[in-house]
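> The two chains are supplied separately, each in an independent frame; assemble them into the complex guided by the hints.
Protein chains in written order, with our numbering: chain D, 1 to 263; chain L, 1 to 253.
Derived from the structure by calculation, the hints contain no laboratory data.
These figures come from a predicted structure and were not determined experimentally.
Built from N, CA and C at the ideal position, the CB exists for glycine as well.
There's no promise every hint is true.
Claimed, not checked - Below, computed lysine to aspartate or glutamate pairings styled on EDC-like, alpha-carbon distance capped at 20 Å: (1) L/K84 <-> L/E252; (2) D/K162 <-> L/E184; (3) D/K215 <-> D/D228; (4) D/K162 <-> D/E151; (5) D/K240 <-> L/E49; (6) D/K197 <-> L/E49; (7) D/K197 <-> D/E151; (8) D/K181 <-> D/D198; (9) L/K251 <-> L/E49.
Stated by the list, open to error - Just a sample of chain D residues kept apart from chain L, beta carbon distances all over 10 Å, derived: (10) L55; (11) A56; (12) R61; (13) F68; (14) L161; (15) K162; (16) G178; (17) N251.
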Amino acid sequence: MPGAPSTGSVLRGLGLPLLAWAAAGFASRAYTSPFPPPSEIRVPAAGATGDMLALALGARRLFADLWFIRLMQYYGTREFQESAAEPGHEGHVHSVDEHGHAHCDHGKNYGTGDYPLFLPMARHVLEVDPAFTAAGLYAAASLAFNMQRGEEAQELINYALKYNPREWKYLTMLAAIGYSKARNPVAVAEAIAPILKDPDCPVMLKQLAAFLNKKAGNYAAAAAIYADIAATSRDEAYVKNARRELVKLANMRALAPAPGGVK
Amino acid sequence: MNNLLLVRAVAFNAFAENVRNRFFTLFAVFAFTAVYASVLAGVMAVDQEARVLADFGLALIELTALAYSIFGASSALLKEAETKTIYLVFSRPVPRWAYLAGKLSGTLLTAGLMLLIMGAMHLSLLAMRGFGLPPFYAWALAGTFLKLSIIVSFAFFVSLFSTSAVSTLVISSIMWTLGHFASEARYMVERLPGIKGIAFSALLWLIPNLQLFNARDAAGAAAALGPAALFSAAAWVAASFLGALWLLSRKEF
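Pulled out of the complex, with its shape left as it was, chain L reads as follows (with noise of 0.2 Å):
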């Protein structure tokens, strides 16, 4: 129950210094000038301008929170060793677990409020435009929450060993593609013969498939995200969170 209250104060602290973050309201004014931008693309459309409009719409409010949440975690636990304040907090009894699941969540937690606000804004810009709820909204937003959930917490752990905030983000940015090339690229290596297909097939049970969760991009009654959807996420989380857990038990604070 203590540690359940120090993940919650670590959560809550992390989720406060993120918000209060100027970057935060700067990507929330892009965010939102982007997606009013869309309704160019909307008119251009003529009639399909709902489609593009919900569909650009989504496509930008993932893109900006994905942005603003591996640079959140690529720079939490660096910027806290360099300030040594992580020094403080493990001087404490705080197990290391739960200090990471308080920031794991914080960011998470920063990220739907991000999806939250935009979703609003953007939903707001369809009403005005005289267009009512797209009917896979809901299930757009839970994929692309799930989806960040997977790459923030991969953040976390590839900032664990990498030297540098920069580093984390472009290794978290070249999985994120990757993830979404997944599909793709086991069609491609189901066509490798011999030797070259094997070690291929196996580097691809590292990268996370992204479109399994990718509901903005499905159709109707596909765009529900089902258990296998679920399950994978989760694991994918729980992976991510027990390797930077156990490269953060190796390191001295």
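Extracted from the complex, chain D is given alone in its bound form (with noise of 0.2 Å):
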């Protein structure tokens, strides 16, 4: 039977694990997190214990996106007509005019609300992953452009260029809630044109570019727009919508382009 170890015999035994445990502790500490610090985080009611395992399980990604779904079923369904006289036509408030006719018009007033909780469930979700590009995009639009907060929607963006300065399509949205502000929806529409063309663009940003698109007489852009929303969108209220618009546009055969489109 051995006899009991000398000291040096031990510090000699656990200076290798021991120099190990100190490189890696070093390198660890070249590691500069890209997410937002803990003092950011401004956690909305019941939302804490989701961030905690965010936090402990290296899940930001995952947890963001339960929070854009939570984000989206607010908005989805808060402050939703169940029922409409038309079929399709549930999103929205028709118009009446001076006569007694409901008009329709696809998007004018779609999404418009109050949606208190609209902002900080938004900001939580870029609290949780800064890097949730299309998340962003879609809060910023559906903030500036449906429920006219364009001041709440730049707060919004300005924190998300904090932790992300170098994405161009928050600082094309952006300009386009400037010309938003400024009653300019031609200039809105061919500001966010680029965004449109890439894969993490909102739906409902495709939407609202189409429909200004054809407020300002431009149908082929419209068209071209409703074409793309129809051929890649999984959201199947959006489709129909662009399907319907499309066979609108083609009725009034005023799909050359007019001066000035938007692409």
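What follows is the structure, given as structure tokens:
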């Protein structure tokens, strides 16, 4: 049976592991986190557990996805009409003119409403995963163009740019928001045109661009965007609407591009 | 050369044992069910379905592989000691380092196989939904494997002084979560004044920063694992291995 080890042999035995441990610790210190520090995470009600898991399991992307789904559910269910006189028109209110005739203008009132938690929820998605550009664009566009809350949209984009300063889509969106505040829909459509070609572009933004082009009389550009929505989106509501709009535009027989049309 | 053959023999034996374990099938079935169930979340994300499916799948793959790997690492040496198999091994000219390296390699081979099987299942699910290979996928799996290597070797180290497999499992799981919190912990420690700051800062050196390997959460080019990550992983594995070897050499078999 061996005798008790001497202090020297213990130190010699432990020397290598400790050296390796120190080297590992040193190498780890080179890492700088691309994510917002915990002090910036403002947790909406009932979200603390999820955020703790997001950090503890290293699953920020996963939990940002869940927050994004929650945001879409929040925006999609509240203040949403359950039924409509005509099928397919549930998402918006029809305007009534002075003669009492109802007018449908798809997109005009789409997504408008109060949604007081929209900004904190959207910001939270970016606090958990600032690289989630599609969520940032979706939320900023909803705030600026559907809810007419341009200031909040700018606040959100400025926060996103803090951790993603090279993201040109955010800069483009900022310009579009500026035009929107100046009530220049044609300039908004032109500003967001480059984003439409990006695979990360939210379908809602495409829908908005198509609507603005249609309003400006640029039917060819509007048709091209609706065709893209119909071909690429997985959202049935948007796809159905795009097909309907394509039929309408074809019937108008005005598909020739207007001067200054936006693609 | 002979020693390397010994390492290989022990590794393949440990690998075969792990794969034959009924828990392996159970974990694989669970992973497949969980990954398949993530389709629901993907559908809810509408136009972000590809991202959600990829993120859910990768997270579930990692957690399943982690659970099985820690379970295997926690019980490997204890089981051999309880069944006295380890006495048979050490009655032959098998150096302790070769035995330990073989056991560790066998467990890591199993973890690698699990990642490959689950990754293939996940990719076929993505293909079924009409999506291609996510651009960061290989890096994400490589990062997961590095994280598993660190935590598995740490579990071997802990298993040599802990009283049961359960306590090893718990300690290793705590290290896993601490490892992901390392950046946030460092941020908070940097704001601690005086001796408290120094003490906690020293403690942080004992925790592997697993975010360094978390390519799953990084985006685009940031997902690529750099030399610092590879060196760090190698150093953590070496530290735990050498620590475990030191403990093993002090045990009487």
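> Check whether the Cα positions of D/K197 and D/E151 lie no farther apart than 20 Å.
Violated, at roughly 26 Å.
> Would the pair D/K162 and D/E151 pass a check requiring their Cα atoms to be no farther apart than 20 Å?
holds (17 Å)
> Taken at face value, is the distance from the CA of L/E184 to the CA of D/K162 at most 20 Å?
Roughly 18 Å between the alpha carbons, so the hint for D/K162 and L/E184 holds.
> Please verify whether D/K197 and L/E49 have alpha carbons no more than 20 Å apart.
holds (18 Å)
> Is the straight-line distance between the alpha-carbon of D/K215 and that of D/D228 20 Å or less?
holds (18 Å)
> Between the alpha carbons of L/K84 and L/E252, is the straight-line distance 20 Å or under?
At roughly 12 Å apart (the allowed maximum being 20 Å), L/E252 and L/K84 satisfy the hint.
> Taking 20 Å as the top limit, are the C-alpha atoms of D/K181 and D/D198 close enough?
violated (24 Å)
> Between D/K240 and L/E49, is the straight-line Cα distance small enough, at 20 Å or below?
Between D/K240 and L/E49 the Cα gap is close to 19 Å, so the pair holds against 20 Å.
> Confirm or reject the statement that D/K162 sits farther than 10 Å, beta carbon to beta carbon, from all of chain L.
holds (16 Å)
> Test the statement that D/F68 is away from the interface with chain L: the closest C-beta pair must be farther apart than 10 Å.
It is violated; D/F68 is separated from chain L by about 7 Å at its closest Cβ, not greater than 10 Å.
> Does D/R61 really sit off the interface, with its C-beta more than 10 Å from all C-beta atoms of chain L?
Given a closest Cβ separation of 5 Å, the condition is violated.
> Find the nearest Cβ of chain L to the Cβ of D/N251 and say whether that gap is larger than 10 Å.
Given a closest Cβ separation of 28 Å, the condition holds.
Hints 7, 8, 9, 10, 11, 12, 13, counting from the list given before, are not met by this structure.
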